[in-house]
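Trainee: Starting from the known structure of chain A, fit chain B onto it as the hints suggest.
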Amino acid sequence: MDAILLQILNGIDKGSAYALIALGLTLIFGTLGVVNFAHGALFMIGAFVAVTMGKVLEISKITLDPVKTDFLGNPAKIKTPYVTEWFGNFGFWMIEWSVLVSVIVAIPVMILIGIIMERGLIKHFYNRPHADQILVTFGLAIVLQEIIKAVYGANPIPQSAPDLLKGSVDFGMMIGMAENSVIYPLWRLVYFCFSVLIIGGVFAFLRFTTFGMVVRAGMADRETVGLLGINIDKRFTIMFGVAAAVAGLAGVMYTPINPPNYHMGMDFLVLSFVVVVVGGMGSLPGAVAAGFLLGILESFASMPEAKEYIITALEWVYLDFDFILTFIKGLDQIVIYLVAVLVLLVRPRGLMGKAGMMEE
Amino acid sequence: MSKLIMNRRGLLKTGAAVGAGMAMPTILTAAGHAGYTNAPTGSTVTLGFNVPQTGAYADEGADELRAYELAVKHLNGQGDGGMMNTFSSKELKGNGILGKEVAFVTGDTQTKSDAARASAQSMIQKDGAVMITGGSSSGVAIAVQGLCQEAGVIFMAGLTHSNDTTGKDKKANGFRHFFNGYMSAAALAPVLAEMYGTDRTAYHLTADYTWGWTQQESIQAATEAKGWQTAANVLTPLTTTDFSSYVAPVLNSGADVLVLNHYGGNMINSLTSAVQFGLRDKMVNGKNFEIVVPLYSRLMARGAGENVKGIFGSTNWHWSLQDEGSKAFVKSFGEEYGFPPSQAAHTVYCQTLLYADACERAGTHNPCGVAEALEGFTFSGLGNGEVEYRAEDHQCFKDVLVVKGKENPTSEFDLLEVVQVTPRAQVEYAVDHPMFAGGALGACNAGG
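Respectively, the protein sequence lines represent chains A and B.
Here this note's numbering runs 235 ahead of the position in the first sequence, where the first position is 1.
Here this note's numbering runs 3 ahead of the position in the second sequence, where the first position is 1.
Just so you know, the hints here were simulated from the structure itself, not pulled from any lab data.
Predicted, not measured: the structure shown is a model, and the values here were computed from it.
No residue lacks a Cβ here, since even glycine has one placed at the ideal position from N, Cα and C.
Careful, some of the hints might be misleading.
What the hints assert, rightly or not - Taking lysine-lysine pairs in the DSSO-like style, the calculated list, with each CA pair at most 30 Å apart, reads:
1) B:LYS229 / B:LYS407
2) B:LYS334 / B:LYS103
3) B:LYS115 / A:LYS564
4) B:LYS76 / B:LYS115
5) A:LYS314 / B:LYS171
6) A:LYS358 / A:LYS469
7) B:LYS330 / A:LYS542
8) A:LYS312 / B:LYS407
9) A:LYS401 / B:LYS409
10) B:LYS290 / A:LYS290
11) B:LYS409 / A:LYS303
12) A:LYS384 / B:LYS334
13) B:LYS171 / B:LYS115
14) B:LYS312 / A:LYS314
15) B:LYS409 / A:LYS314
16) B:LYS312 / B:LYS285
17) B:LYS290 / B:LYS312
Stated by the list, open to error - Ranges between beta-carbon positions, derived for each pair:
18) B:LYS285 / A:THR445: 47 to 55 Å
19) B:GLY257 / A:ILE410: 40 to 48 Å
20) A:VAL340 / B:GLU197: 45 to 53 Å
21) B:GLY230 / A:ALA548: 34 to 42 Å
22) A:ALA366 / B:GLU391: 55 to 63 Å
23) B:ASN255 / A:LYS358: 24 to 32 Å
24) A:LEU356 / B:GLY102: 50 to 58 Å
25) B:LYS285 / A:GLU331: 22 to 30 Å
26) B:GLU197 / A:GLU381: 42 to 50 Å
27) A:LEU549 / B:ASN255: 25 to 33 Å
28) B:GLU197 / A:GLU320: 40 to 48 Å
29) A:LEU580 / B:GLU197: 53 to 61 Å
30) B:GLU197 / A:LEU560: 33 to 41 Å
31) A:ILE239 / B:GLU410: 33 to 41 Å
Here chain A stands alone, though its shape is the one from the complex (with noise of 0.2 Å):
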């Protein structure tokens, strides 16, 4: 039972990764008909968002320690923050909580980057095939994360959460089980407490303001809104902005649970690709449903024992050859896409996918 609960607190917390990501790319598609590719790389500048500003708070005043040498000889450096100088302890709460202040920082900074993308680039693909979409925000994310590569090295680079929220909790002893039978990081309840709260203000504003429902009402039928004299366009342009803010806050709050890198925006797109097809293509609940779904999915095939019961299974009915075992060992590489033959097999238009999108 606790080996249950913690692979499902493991995939909804995947799922959380994937569910806002996928989120983005569905409003994208839903909004502008683009299928952006360089979704993926937003959630990865997100993340160097924060590792910037990481840095640009540890930017330090520098003096030569008296005592104390270097690896070569030389006077060691003593580093100290600027921003410990100018605000005494308020600078040192800035440097732990660094990734709740690269939150802050990361939404209008994701936005303008989303708005140039789109302004820049994607708005001139919006007549073109998909296949010419895909092509040129594929190759988009690629020179994005070059220069990521570029300018912070192929290394991850390692960011703290803060002290308060660092460190595991005994979630089966709160909800009544034996101590240590479930331990799971706080951080990662932290990410999913707040991939809830984010996919909640997405759906809230696009619900309940008047922007939203003129956003919703241009999904359903662009033309109309656009002869009762309303600016659609630039409301879409806005809604761009928007996912990359989305897929950004994701890559932010990701920092502390894997160090990022430059290629962990590629890492998430195929998968969260595949979930917005599984949800159903320009479907905002589907793309959630799936992220959550396919994300337990995966943690549960990569359990040893799930493979173990699998593979005897198989032994039962005398079909452990050596080639299925072996596809047996890597299932929870395979198995989301596994899914989305199934599903697309079953169900073409995903699980709530309307009827008319990307069948012209």
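Mentor: Relative to the frame of chain A, chain B by itself:
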């Protein structure tokens, strides 16, 4: 009936023609390739540095390239000479290799076997490289070593730690200075037993490729010989980025030690996950839960940040060593680039000097002559004490460092502390040891 009439002029003409004809093959061979692949003909000799310039190990590749450039500089008589001054062999004079200036070309392995083979092949065929060296992965090293054997050039391996490189996949043209999984385990296990006791149960997470398999096999055997038990060994795909699903079940498995047979990005992410799940704060079987990383790299330790503190592992070399060779190299590298060298930089620098020295001692660039000079060669002054290139498998045998993540680092480079220098005798093994069995060195190939 005809009559052969031969006068003096005719005899001379015929003799000259026959003589020239008989000499022709020799002249063509000498001018064209002197009997081996890419024999240097001009005033330079070209070396091929095949390192990851793109991909996840690009930073490690960049550090290797810096060390190669430094080695070339020293071989050509520029700079302060680095470890050439401390090297026990005194054949290198700073006038290139065998009087020819050292030039180099670079290739990008991308840490992919096929890309690494393609770039090595290009350097051999198009650029005339007489030796190939470098790399940051055992899969790549084994692939390129095979290619060099076929092409008839020497391969001086870079960072490759799988037992297989000088085990079942060893080749007569390939030489490894770096240590291997068996040596890591043999050095580490006694320290682990001393620190954590002999009544321990280990849970292994292992990268699913040649290095991971041999590292896991080695550390399991070495720790079990000290009394430890093994709860499970779970193979993790190399492309895994989030290890939470693999780490989560560890605490309830009955194990009280987690061994991460991971390197690079895998190590950074799995260690980060393990620490996040609070494993190090827990008591299991009445003991503190511990984590072990058998192969450390300073560059990777930096990626894992404060999570490495107090965690034991092994390394081939560390910049804080105080022998004359290490100090000379750190000074030379540090003054050139502003930071201390990594173990990858150290091993490739040594490999370049060792190759050049072997050429000098053999009096040729012919790979078979160079191989003969390297086989059984014993040396010191390159930072690892007394070292021997064993003739039977082309593996260097030397002291191994057991290290621990430093609790209070004094700088961004000061991440590991050397806990023990394990003497060479403790990490040596027989040529026919089962973990290295299955392949044959074969005969040297000079190409031509």
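Trainee: Using the beta carbons of ILE239 (chain A) and GLU410 (chain B), state whether their distance is inside 33 to 41 Å or not.
Mentor: holds (37 Å)
Trainee: Just to be careful, I want the Cα atoms of LYS384 (chain A) and LYS334 (chain B) compared with a cutoff of 30 Å; is the pair within it?
Mentor: It holds: about 28 Å lies between the C-alpha atoms, which stays within 30 Å.
Trainee: Between LYS285 (chain B) and THR445 (chain A), does the C-beta distance stay in 47 to 55 Å?
Mentor: The hinted range 47 to 55 Å holds for LYS285 (chain B) and THR445 (chain A), with Cβ atoms some 53 Å apart.
Trainee: Within 53 to 61 Å: is that where the Cβ-Cβ distance between LEU580 (chain A) and GLU197 (chain B) falls?
Mentor: holds (58 Å)
Trainee: Is the distance from the Cβ of LYS285 (chain B) to the Cβ of GLU331 (chain A) consistent with 22 to 30 Å?
Mentor: holds (25 Å)
Trainee: Against the range 42 to 50 Å, how does the distance between the Cβ atoms of GLU197 (chain B) and GLU381 (chain A) compare: consistent or not?
Mentor: holds (47 Å)
Trainee: Regarding the pair LYS290 (chain B) and LYS312 (chain B), is the alpha-carbon distance no greater than 30 Å?
Mentor: Since the Cα atoms of LYS290 (chain B) and LYS312 (chain B) sit roughly 19 Å apart, the hinted pair holds (cutoff 30 Å).
Trainee: Has the given pair, LYS401 (chain A) with LYS409 (chain B), been kept, meaning a C-alpha gap of at most 30 Å?
Mentor: holds (20 Å)
Trainee: Lying within 25 to 33 Å: is that true of the beta-carbon distance LEU549 (chain A) to ASN255 (chain B)?
Mentor: Cβ of LEU549 (chain A) to Cβ of ASN255 (chain B): about 26 Å, so the range 25 to 33 Å holds.
Trainee: When you check the alpha-carbon spacing of LYS229 (chain B) and LYS407 (chain B), does it fall within 30 Å?
Mentor: The given pair, whose Cα atoms are some 20 Å apart, holds under the 30 Å limit.
Trainee: Between the alpha carbons of LYS171 (chain B) and LYS115 (chain B), is the straight-line distance 30 Å or under?
Mentor: Holds, because 20 Å separates the two Cα atoms, which is no more than 30 Å.
Trainee: Quickly compare the C-alpha distance for LYS334 (chain B) and LYS103 (chain B) to 30 Å and report which way the hint goes.
Mentor: Measuring from Cα to Cα gives roughly 27 Å; hence the hint holds.
Checked against the numbered hints above, the structure breaks hints 5, 7, 10, 19 and 23 and satisfies the rest.
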